[in-house]
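A.B. asks: These protein sequence lines map, in sequence, to chains A and P.
Here the first sequence is numbered in this note's numbering, starting from 236 and rising by one per residue.
Here the second sequence is numbered in this note's numbering, starting from 245 and rising by one per residue.
In short, the hints are calculated from the structure, not lab data.
For each residue, glycine too, the CB sits at the ideal point set by N, CA and C.
It cannot be assumed that every hint is accurate.
What follows is a list of derived Cβ distance ranges for each label pair [as the list claims (entries may be wrong)]:
#1 A:P312 / P:E567: 45 to 55 Å
#2 A:D254 / P:Q254: 30 to 40 Å
#3 A:T349 / P:D940: 19 to 29 Å
#4 P:D535 / A:R372: 22 to 32 Å
#5 P:T802 / A:P246: 30 to 40 Å
#6 P:E851 / A:G259: 51 to 61 Å
#7 P:P925 / A:T349: 52 to 62 Å
#8 A:A348 / P:P925: 54 to 64 Å
Which stretches of chain A does chain P cover? Using the computed rule of at least three CB atoms under 8 Å from a CB of chain P, they are [what the hints assert, rightly or not]:
#9 313-327
#10 355-368
#11 395-403
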Amino acid sequence: MGKTRRRRLPPLLRQLTDDPTGRGVAAQSGRSAAIRPRNAKDTADKVVDSVCPYCAVGCGQKLYVKDEKVVHVEGDPDSPVSRGRLCPRGSSTPSLINSPTRVTTVRYRPPNATEWQDLDLDTAVDMIADRVIDTRRRTWQDRRHSDNAMLRRTLGFAHLGGATLDNEENYLLKKLFSAAGAVAIENQARI
Amino acid sequence: MAECHPVGFQWVMEAKERGAKVFHVDPRFTRTSAVADEHLGIRVGTDIVFLGALINHVLQNGLEFREYVENYTNAATLVREDFVDADDLGGVFSGWDPESGTYDQQSWGYDGMDVRAPAGSPFKKDAVDDPQEGDDAQTSSGEQSHGAHGADVGDPDELKTDPTLQHPRCVFQVLKRHFARYTPDMVERVCGIGPDQFARIADAITENSGREKTTCFIYSVGWTHHTTGTQYIRAASILQLLLGNMGRPGGGIMALRGHASIQGSTDIPTLYNLLPGYLPMPSAAPPGEDDLAAYIESNEPEGGFWGNARDYTVSLMKAWWGEHATAANDYGFGYLPRITGDHSIYPTIMGMHEGEVEGFFVMGENPTVGSANSKLHRMGMANLKWLVVRDLQMIESATFWKDGPEIETGELRTEEIGTEVFFLPAATHAEKSGTFTNTHRLLQWRHQAVEPPDDCRSELHFTYHLGKRIREKLAASTDERDRPLLELTWDYPTHGPTEDPSGEAVLKEISGYTVADGKAVGGYRELKDDGTTASGCWIYSGSYADEVNQTARRTPNTTGDIASPAPEWGWAWPLNRRVLYNRASADPAGKPWSERKKLIWWDEEQERWTGLDIPDFAGDMRPDYVPEKGAKAEWALRGDDPFVMQADGKGWLYAPSGLLDGPMPNHYEPHESTAQNLVHPGVQASPTRQIEEREDNRSNPEPTEDGHAVYPFQVMTFRIAEHHTAGGMSRFLPHMAELAPDPYAEVSPELAELRGLQHGEWATLVSARTAIEARVMVTDRIRPHVIGGRQVHTIGLPYHWGPNGLAVGDSANDLLPIVMDRNTHISEFKASTCDIVPGRRPRGADLEPFVQAYRDRAGSPGRPITPVEPGRTPEHHGADQRPIPPEELDRPLAGTDPHGPPKDYGTTEHPPLGRGREPDWTPPEESA
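For reference, chain A alone in the conformation it holds in the complex (with noise of 0.2 Å):
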């Protein structure tokens, strides 16, 4: 109240000089003039354009960026899919990104082990790509011996997922996997 007091003019008076529909600054009391909204662009450090990564509606996303992390997420009014709107789950973006269960370093569990250890990330490339060389070369499959038509392929390694990654990476996967003669790559599509 004392601080709605030391405003020069009374709300009506404000509403007659400076704010017609009564929505702006007639309404104001020193507390409300004073709150900022918390996905204000000067809170955050930046504001990245993004997609929804739940559902294939594609809703624009504006995650908002301080100090290298995404504090808050809104949806993008420019957007002609969302007009600004995200469900439940598309609203939960800054928790699934910033998640404490979210698991950040590589676990590796050895043949008939009771436990995860710690495995380093360079090892661990190291060794799945020793196991598809092993894997493939071990089952690879030349031809069928009925009518002798070429098959060149392993059917030893699989793939599974794909529908929510981004198409540059299933093209690569793909692309490495059809080289290396898997068939066997899968993802949602059929589930």
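Guided by the hints, dock chain P onto chain A, whose structure is given.
C.D. replies: Just chain P now, with coordinates in the frame of chain A:
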């Protein structure tokens, strides 16, 4: 839609505000029904009867859009004399071979059609004799045989037609006879939708179609998750073609897809049977028949855009193998591995059981929760040599060896599982840049917001570096088998300390470039078959036109008309076109059917097509253009042939080829159903359905079998707004977990009374596969139907849960069998049977005997059948007595549902919903 795609649903509400009528056809009353004009509570698995009756209504009453049908569909084409409809053969079409369980499709063809067999097509049983493979070419999917384009129909001049649509063998008359048995009476008896309600929707659809108006169908996995799923979509296509609702604004059949880029992962397929852009993966063929020329011969029809298949294929090979792809080596076509049947995920899982598959990459998918009969997946994965899981959270597919359900039951012991498991943490969508393709083919670029933490990397990073490492290790190899890997174009610019590859560089390769100067091409029309162009996916060609990332454009719609497609927001394939087959939006002379529904039209003065969208054919093709003999691809079609991906340019009311289960949709009950097939009493379920017959994938008995009463209820899985698919991106987040903490089963008050189920308490659901537990939600949202004089009950079961994360519980998919639509290898998630009883399921080693007791009662031949008496809990359910921790007992369900006393459901006609009707229950989302 309001539940699973809530933000997309705003456009339905926008249309409703403007006067559109919204009908919601769903076995369950959902958030969509709540705001629809009318909800039609259809019985699970009967949509072909419903859609068939709508088709019949149109045909019997002459309500088709005659000019559209005559000019733009294959209605006039004559079918072969030896084709016999299922009506005359007791429920199967001509060509049925009961021994192999497959069709010989020759008799389905057009009269005069050249039945030349494409490579790997069902006509040619290319692998059946091979003991090494044991695969049957009949498992080939439609796409596998023909890309997405259907078969070559041969020379159109050879086909016989009757433009008056009177000839008894013309498609129009064949269709009319076929659908005659799908009457409103049949709809009431089979679907449980009364004649008044059917009349209202039939009138609304037909009155809202024609020159001035269009009607739209929206569907999702509620249609595809059936053994007859493909034919559901076919039925809707036939109706929409008859009513002239395809290729026009406000029309179409819209698939709502569930993952951010599931459309993209189909376009650039991580799918066994496709190459990028719906080119078929080559099938194994004898020497001399497996070169590029033979592949093109099989997959490049004379007419339509598939007539350029060689351009697309050679450009793809150039993108993959660069300078090593030359005319001399067939552009590296021989480097591609060959398929010999069904290599989809389910046979692959079986391959793990058999030891044939020893390594497995899982990236951003959670099959041990999300796939049918998920136990089979866990058991298969426990038999692998190595497994790589990439995800954000520690999902069930990475931990089954440690704490999966089979560890609890003792069926697996951690120390005995030899699978070596690598869990590699992934980057979120905010920690990498790239494109998603959303459900309406729109590519939208995401900019990277932050760096991924610790070891988290994008799949782009992982795949690139894995490929680099493999190539380094093989660098000295002279083995012929390693050449495709070593000659692969794999040099992408990287940046930063982690050497992150550039997504834009990959997108440019996908879009395409001219080989000589590396300049981006403008689109697929510029692709060549002589090795001078490269493009990783022809339908995405142009997404990097003018060296500009077209998918990153963000020009909002400023026209003031909310219906404007905002053409400079993102980039839609192909060539930023927003309505496919938009030639159909104008009449044969090139004039819009109406001012209200105009989209593109022929401008006689400029001698060009113009309008609000980009024409999906040559902009200077006159509407009266008639191709000369020998014309190729799009120029082999007439100026009034709108369906430019079809070899004949026509919309197919009847599919003479390309489907494995019939040229027209026919109703069969689900593999596991509560009712007998009243349409074709002799054939209960789809005769071509693909069943994985194994001890650990047992089916529940059919309704005609005595043991059916052991699993007397229909169960359908579904999704809710608060969770995402198999839960990896939602069950681990606190407020999502709080919104929907427990798995639950929706049951009607009648079923609750029948089985003594208490709202908010636990219930156990049992099938021949396993038993799971869920909270009971007693609700009017799900209602029994009266079918064949019996009340049949359906249980709704959301499937998002698993043992890991914050919101934990049993996985609904454990309950289901693997049984598939042979066209697509999609399992029947939406219809199976089970029993439901009060109380929690048995724990540990007690679970399997409990399930086995049910199997015993369901019986094998000669064993006594002891059905459950209504209202009684089977005595096997001793686990009910186990103490339950008090904190679990007190845990409330996500919202409560105070239902009134059971109602009299003597009629299956549901009261219409309108403004005057007050709901007699509180939706849980409002009270939560």
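A.B. asks: Please go over all the hints and tell whether each is borne out by the structure.
C.D. replies: Now for the hints, and whether the structure bears them out:
About 48 Å separates the C-beta atoms of P312 (chain A) and E567 (chain P), a value consistent with the hinted range of 45 to 55 Å. Look at D254 (chain A) against Q254 (chain P): about 32 Å separates their beta carbons, and that is inside 30 to 40 Å. The hinted window of 19 to 29 Å between T349 (chain A) and D940 (chain P) holds, with their beta carbons roughly 25 Å apart. The hinted window of 22 to 32 Å between D535 (chain P) and R372 (chain A) holds, with their beta carbons roughly 26 Å apart.
Between T802 (chain P) and P246 (chain A) the C-beta distance comes to about 36 Å, which sits within the given range of 30 to 40 Å. For E851 (chain P) paired with G259 (chain A), a C-beta distance near 56 Å keeps the hint of 51 to 61 Å intact. For P925 (chain P) and T349 (chain A), the hinted distance range of 52 to 62 Å is satisfied, since their beta carbons lie about 56 Å from each other. Between A348 (chain A) and P925 (chain P), the C-beta spacing of about 56 Å keeps the proposed range 54 to 64 Å intact.
Here's how the region 313-327 of chain A fares: 13 of its residues keep a CB closer than 8 Å to some CB of chain P, so the rule of at least three is met and the hint holds. A stretch counts as covered by a chain when three or more of its residues have a beta carbon under 8 Å from one of that chain; for the region 355-368 of chain A and chain P the count is 11, and the coverage holds. Coverage of a stretch by a chain is defined here by at least three residues with a beta carbon nearer than 8 Å to that chain's beta carbons; for the region 395-403 of chain A and chain P the count is 9, and the condition holds.
The structure fails none of the hints (numbered hints given earlier).
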